[in-house]
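Peer 1: The lines below spell out each chain.
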Amino acid sequence: MNSVDADLIRQSASVLAAAISEGEVSSLEVTKAHLARIAEVDERVHAFLQVTSEEALAAAELVDEKRRSGAKLGALAGVPIAVKDVLTMRGVPTTCGSKILEGWRPPYDATVVARLRAADMVILGKTNMDEFAMGSSTEHSAYGPTHNPWDLTRIPGGSGGGSAASLAAFEAPLAIGTDTGGSIRQPAALTGTVGVKPTYGGVSRYGLVALASSLDQAGPCARSVLDAALLHSVIAGHDPRDSTSINAPVPDVVAAANRGDVRGLRIGLVKELGGAGYQVGVLQRFNEAVELLQGLGAEVVEVSCPNFDYALGAYYLILPAEASSNLARFDGMRYGLRAGDDGSNSVEQVMSISREAGFGAEVKRRIMLGTYALSSGYYDAYYGQAQKVRTLITRDFNAAFDKADVLISPTAPTTAFKIGEKVDDPLAMYLNDIATIPVNLAGNCAMSLPVGLAPADGLPVGLQIMAPPMADDRLYLVGSALESALTDKWGHLLIEEVPSL
Amino acid sequence: MTAITRQEVAHLAKLARLDLTATELDHYAEQLAVILQSVARISEVAADDIPPTSHPVPIENVFRDDFAYPGLDRAEVFASAPATQDDRFRVPRILDEEQA
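Protein sequence lines, in the order shown, are assigned to chains R and Z. Letter by letter, the first sequence follows residues 679 to 1179 of my numbering. Letter by letter, the second sequence follows residues 26 to 125 of my numbering.
Take these hints with a grain of salt, some might be off.
Said to hold, decoys possible - Mimicking SDA-like on lysine to any residue, the simulated pairs with C-alpha atoms at most 20 Å apart in a straight line are: (1) Lys39(Z) / Ala1006(R); (2) Lys1100(R) / Ala54(Z); (3) Lys39(Z) / Ser1024(R); (4) Lys39(Z) / Ala1039(R); (5) Lys777(R) / Glu55(Z); (6) Lys39(Z) / Lys949(R); (7) Lys777(R) / Ala108(Z); (8) Lys750(R) / Ser704(R); (9) Lys39(Z) / Arg941(R); (10) Lys39(Z) / Arg937(R); (11) Lys39(Z) / Ser1053(R); (12) Lys777(R) / Val59(Z); (13) Lys1100(R) / Gln62(Z); (14) Lys1100(R) / Glu55(Z); (15) Lys1100(R) / His52(Z); (16) Lys777(R) / Asp111(Z); (17) Lys777(R) / Gln62(Z); (18) Lys1100(R) / Ala104(Z); (19) Lys39(Z) / Lys1100(R); (20) Lys39(Z) / Ser704(R); (21) Lys1100(R) / Asp44(Z); (22) Lys39(Z) / Arg1007(R); (23) Lys949(R) / Val70(Z); (24) Lys39(Z) / Ser1003(R); (25) Lys39(Z) / Glu1034(R); (26) Lys777(R) / Pro107(Z); (27) Lys39(Z) / Leu1015(R); (28) Lys39(Z) / Lys750(R); (29) Lys39(Z) / Asn1023(R); (30) Lys777(R) / Ala104(Z); (31) Lys39(Z) / Ser1054(R); (32) Lys39(Z) / Gly1018(R).
Stated by the list, open to error - Across the chosen pairs, the derived CB separations fall in these ranges: (33) His1170(R) / Val59(Z): 43 to 49 Å; (34) Ala104(Z) / Lys949(R): 26 to 32 Å; (35) Asp51(Z) / Lys777(R): 21 to 27 Å.
As the list claims (entries may be wrong) - Some chain R residues judged to face chain Z by a derived CB distance under 8 Å, without partners named: (36) Arg688; (37) Thr922; (38) Gln1065.
The set of hints was computed from the structure by calculation and includes no laboratory data. Yeah, the Cβ is synthetic: ideal placement off N, Cα and C, and Gly gets one too.
With the hints as constraints, model all of the structure from the sequences given.
Peer 2: Dropping the structure here:
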């Protein structure tokens, strides 16, 4: 890789967009630099399941042509982006990390993908993920794990490990993730990047292959708070094709990111998210960040959300229940894998054989858990009770937001662990999302941003900011203030410390 | 809330249309029991008078304007189908042999 390319791949999306719009560099050059980087390192990182080089180069040329003709371009025009393989992209294989969808070419674009195209962004390819977004390590991908660029023997978090790793490996300046229980925020924390789960209904779910419909939300992944805000404003907003999409103006997240100010803001420390079960180094960096926020003029208060202790239990009933129903569509009849169609097997036998052959271990586990939670005789005790706990968690949030403008916690209890360490221990794996799950259950919004490296292992630690529904701008206001204070302290963004691959 | 038996797992697999192997049945019986035991904690919460939440944003009756827009391209849809015949999806027989 030449030095110009090496420089281009390390730039922020906002700098690249400005340079492209000023004509200092072409989108084609930027795109080629990123494709070269992918060719150079992705064999070791495995962030991508599919690289769409030809489409990307064609899209980049089109942007350059538009710019030369004087056409008006969007804020991120010509900037490359990676998309999690759970969003449909017309004509490009979309697998969701599953063998059951191997080779499937969707006949339509997800709304998020359509908006990226409409904003003249350049899609580099589809990123690796835990199968159907079920997992916290990306090890449950049927196509092999993604490696954390900070230490290739470790997981990058999940389910959106591919998107997060692509940023940390400088393969893409921006990425799209989806977050059902932490799948944007936890990988962001483990890779030293920024990830936002917008308010439920803030970004369209049309074309997002459903895991748990009442929890799923797509959002931006970036290396800085401002870049995340720019991408957030491209993908957010009402979509008539998603009946749960909120028909209201998108909060001005870019203005908030540019302003970055916590003076006079009340920041709530959630008593239940921290302490026992959290790694010492994680708590140390978190506490330092809290002091920093205080120093910047925020008022820090302690809040209690007692029902958060039951969030993990409620989540692992609600999610499998919805997933078992959503994944019933993969029956090998109209698309996807069909096995055992030998002329003598009945349709039901073929469905069972196909699903057995196409789904991985974690997916089967959750489908059965959900089937159990929804079955007669158990419904009230499991699914019904979990839905009531969900109400109590929302009430805890409401009470906490009476006392504080935003809430904060560590994003994940630990730093990145070794590949293979927890892969067949579902309970240990589920604990990764203990701090991120409450937000999905209540439907409000949250961000993870890096606050340092844990002293013991030198791996990134993330801090989570949570805000009320449709107050996504507050995430950026606080995140940006904290990020610039940390940048002043370190002299650079944390991601600059990632080892070269 | 009790542990789950291998027989129950086999029944669930049938309901969920998963043709599990004998090894998988043993493995899942063990793992599902552990998971269920851990999530069972939610029964400690006294929530009899609490309304359930099925969805974080309670929106009702969402309508869109009634206008025609293009559907999916037929050729594209069939191109990704596991089997087609006469411009239709071809599926295995739907009746059991004794019903046929």
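Peer 1: Does Gln1065(R) pass the interface check with chain Z, least Cβ-Cβ distance below 8 Å?
Peer 2: Since the shortest Cβ distance to chain Z is 3 Å, the answer is holds.
Peer 1: Is the Cα-Cα distance between Lys39(Z) and Arg937(R) 20 Å or less?
Peer 2: With a Cα-Cα distance of about 56 Å, the restraint between Lys39(Z) and Arg937(R) is violated, given a limit of 20 Å.
Peer 1: Checking one constraint from the list: CA of Lys777(R) to CA of Ala108(Z), max 20 Å. Satisfied?
Peer 2: holds, 17 Å
Peer 1: CA of Lys777(R) to CA of Gln62(Z), is that 20 Å or under?
Peer 2: violated, 31 Å
Peer 1: Between Lys39(Z) and Ser1003(R), is the straight-line Cα distance small enough, at 20 Å or below?
Peer 2: Holds. Lys39(Z) to Ser1003(R) sits at ~14 Å (cutoff 20 Å).
Peer 1: Assess, step by step, whether the Cα of Lys750(R) is no farther than 20 Å from the Cα of Ser704(R), and give holds or violated.
Peer 2: holds, 16 Å
Peer 1: With a cut-off of 20 Å on the C-alpha distance, tell me whether Lys39(Z) and Ser1024(R) pass.
Peer 2: Status holds; Cα separation ~14 Å.
Peer 1: Holds or violated: Lys39(Z) with Glu1034(R), Cα cutoff 20 Å?
Peer 2: holds, 11 Å
Peer 1: Take the C-alpha atoms of Lys39(Z) and Gly1018(R), compute the straight-line distance between them, and say whether it is at most 20 Å.
Peer 2: With a Cα-Cα distance of about 16 Å, the restraint between Lys39(Z) and Gly1018(R) holds, given a limit of 20 Å.
Peer 1: Are Lys949(R) and Val70(Z) close enough, with their CA atoms no more than 20 Å apart?
Peer 2: holds, 19 Å
Peer 1: Is the interface hint for Arg688(R) satisfied, with its Cβ closer than 8 Å to some Cβ of chain Z?
Peer 2: For Arg688(R), the interface hint is violated, since the closest Cβ of chain Z sits about 38 Å away, which is over 8 Å.
Peer 1: Check whether the Cα positions of Lys777(R) and Val59(Z) lie no farther apart than 20 Å.
Peer 2: Given pair Lys777(R), Val59(Z) is violated - Cα atoms ~27 Å apart, limit 20 Å.
Checked against the numbered hints above, the structure violates hints 5, 6, 9, 10, 12, 16, 17, 18, 19, 20, 21, 28, 34 and 36; every other hint is satisfied.
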